[in-house]
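Using the sequences and the hints, build the whole thing.
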Amino acid sequence: MAEKVLMKGNEAIAEAAILAGCRHYFGYPITPQTEIAAYMAKRMPKIGGTFLQAESEIAAINMVYGVSSAGKRVMTSSSSPGISLKGEGISYLAGADLPALVVNCQRGGPGLGGIQPSQSDYFQATRGGGHGDYHMIVLAPDSVQEMAQLTIKGFELADEYRMTSMILADGTIGQMMEPVSFDFEIKEAPEKPWATTGTGMKRPHNIINSLYLKPEKLEETNIARYEKYAVVEEKEALAEEYMMDGAEIVLAAFGIAARVTKNAVKAARAEGIKAGLIRPVTLWPFPKAYFEKALGTAKEMISIELSMGQMIEDVRLATQCRIPVSLTKRVGGMIPSVEEVLCAIRKAAERIGD
Amino acid sequence: MVVFDRPHALLDVPFHYCPGCTHGIIHRLVAEAIDELGIEGRTVGIAPVGCSVMAYDYFGCDMIEAAHGRAPAVATGVKRSDPDHLIVFTYQGDGDLASIGTAETVHAAARNENITIIFINNAIYGMTGGQMAPTSLPGQVTQTSPYGRDVKACGYPVKICEMLSQLEGPEYLARVAVNTVPHVRAAKKAIKKAFQNQIDGKGFSLVEVISSCPTNWGMTPEKALQWVEEAMIPYYPLGVYKDRSAGIIPGAKEA
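From first to last, the protein sequence lines are chains A and B.
If you count the first sequence from 1, position 5 lands on 57 in my numbering, and the numbers rise without skipping.
If you count the second sequence from 1, position 217 lands on 732 in my numbering, and the numbers rise without skipping.
Calculated directly from the structure, the hints in this document are not laboratory data.
Check the hints yourself; a few may be wrong.
As the list claims (entries may be wrong) - The list that follows gives simulated cross-link-like pairs (lysine to any residue, SDA-like), each with its CA atoms no further than 25 Å apart:
{"id": "1", "chain 1": "A", "residue 1": "Lys-266", "chain 2": "B", "residue 2": "Asp-527"}
{"id": "2", "chain 1": "A", "residue 1": "Lys-266", "chain 2": "B", "residue 2": "Gly-644"}
{"id": "3", "chain 1": "B", "residue 1": "Lys-703", "chain 2": "B", "residue 2": "Phe-530"}
{"id": "4", "chain 1": "A", "residue 1": "Lys-254", "chain 2": "B", "residue 2": "Glu-547"}
Said to hold, decoys possible - Computed footprint of chain B on chain A, listed as stretches where at least three residues anywhere in the stretch have a Cβ under 8 Å from a Cβ of chain B:
{"id": "5", "stretch": "98-109"}
{"id": "6", "stretch": "115-123"}
{"id": "7", "stretch": "252-261"}
For every residue, glycine included, the Cβ atom is placed at its ideal position computed from N, Cα and C.
And the structure:
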């Protein structure tokens with residue numbers, strides 16, 4: 053078994069990014085993700101990489117745009133208010149079909165909000181966040197190990213589909229320490245013949261661009277991009293099923309909320325309640341098939357969130373509202389307790405007469 | 516025999532610029548500099564948002580279209596991706612560089628980022644139809660200053676070369692014009708130097724080019740060139756504002 057090291061979630065992201073061949077990091081300080089920048093500041097100069105503290109989140113994401121245009125693996129990280137600032141750049145990355153990794157270690161909002169964990173950027177992440185028709189691949193780790201693993205997967209998927217991957221974490225997973233193994237097989241970045249690396253006077257010039265003044269051309273590029281998204285939805289949707297055998301009460305939770313929910317599901321099973329959990333690992337594409345399958349036995353679903361109810365909409369869409377879906381949530385930096393979730397499960401069990 | 520031909524670094528495509536606009540001259544000067552320095556194959560240009568947004572179709576080197584004002588940040592990324600090989604330039608107008616992108620400009624200069632910036636100052640937003648620019652002159656009539664730029668209400672023009680010259684970072688800052696033949700010659704020299712500095716690893720070099728906009732100034736091309744001479748240049752004096760290697764550093768003179 054591979055050696056494990058004790059690390060913070062944010063540090064695991066940084067180390068995994070370096071393993072994935074990322075040699076360019078641009079960021080701006082914001083709690084609760086600054087460990088990523090600090091780690092990169094320490095490591096990058098030692099391995100011939102670039103760590104640059106940008107003048108703003110806007111500048112950082114545009115530096116990412118530049119490195120990605122030149123064909124290299126590149127990332128930035130921030131937390132909720134900073135991600136809003138990056139929204140413009142993320143839209144341009146999508147419009148120019150550039151691969152990149154963006155980490156959002158979420159905190160409570162709106163506005164300046166707070167610095168405690170939250171999942172209230174779910175809509176922003178899964179619907180794109182900036183202007184125009186586009187998606188990012190959104191990955192939701194629930195452990196320090198997955199912070200590392202999904203960072204590598206994020207780079208690989210970004211390159212494969214020429215999309216931005218977002219790690220949608222939260223302050224808790226970013227800050228907590230757990231043992232993590234870095235024994236990964238990593239796909240190297242593919243050839244990027246489209247990149248602006250200089251023509252070498254050997255080929256016509258490459259252009260990285262998101263401007264199409266002719267409406268029929270812009271329509272064509274949007275439709276082609278959504279054909280690519282359909283492939284991503286078909287092939288990359290991923291979830292973990294926990295105690296789903298014969299589950300009548302199905303819980304949906306991701307990230308830190310899933311950690312709490314697992315304990316509640318286990319406790320409910322011990323009480324004889326047929327509860328189970330679907331933990332989406334990809335939030336976009338949303339793992340609809342897992343929810344469709346669950347309808348075989350499910351009578352009610354409960355979405356457990358650190359938001360006022362955002363993922364619940366995708367749960368309802370995935371199940372086409374065939375069974376009731378309710379919400380159990382805490383917001384503003386609060387996390388639901390196992391008891392709160394268990395209580396919601398018991399109430400659902402009473403309703404369905406289990 | 517000397518044949519006056521199209522520079523290789525400019526593609527054989529029609530420009531979309533208005534008649535009498537001096538973007539064409541400046542494009543040519545940039546392309547000539549790239550040709551003469553033999554760097555086309557390793558040059559990446561960054562186009563702005565504004566009239567020269569489609570510069571990516573005109574230059575023969577690899578090109579990137581940036582978000583409004585963000586070209587210096589994009590250029591920073593490109594340059595850092597392969598600093599020993601790539602030559603990176605941005606081509607930006609006054610709204611792009613001196614208004615929405617001021618922060619990116621100032622900080623790229625402060626870092627002495629080893630890039631070349633060609634800054635076109637024509638005192639107006641051309642692409643959107645002639646609105647007041649950060650560089651519009653006091654009293655200048657535009658679509659959004661129909662009674663003339665009132666400095667009490669909208670403040671004073673931003674003088675980029677003067678402002679950046681106060682920073683320790685930048686290597687070279689010069690303001691030139693293209694309204695007369697001698698000015699065009701001086702502009703060419705400054706632009707070539709701004710690229711040469713990058714090749715030599717000297718750092719951030721910005722050339723501000725006073726340009727004209729006959730369409731949105733409501734003048735004939737000839738009158739517009741005169742207005743550059745009579746109104747623009749007195750407000751924006753031409754010259755070298757900083758040249759570290761040549762010892763031109765503001766404030767270094769003895770009292």
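- [ ] Please flag the earlier hints that this structure goes against, numbers listed from lowest up.
- [x] Structure breaks no hint.
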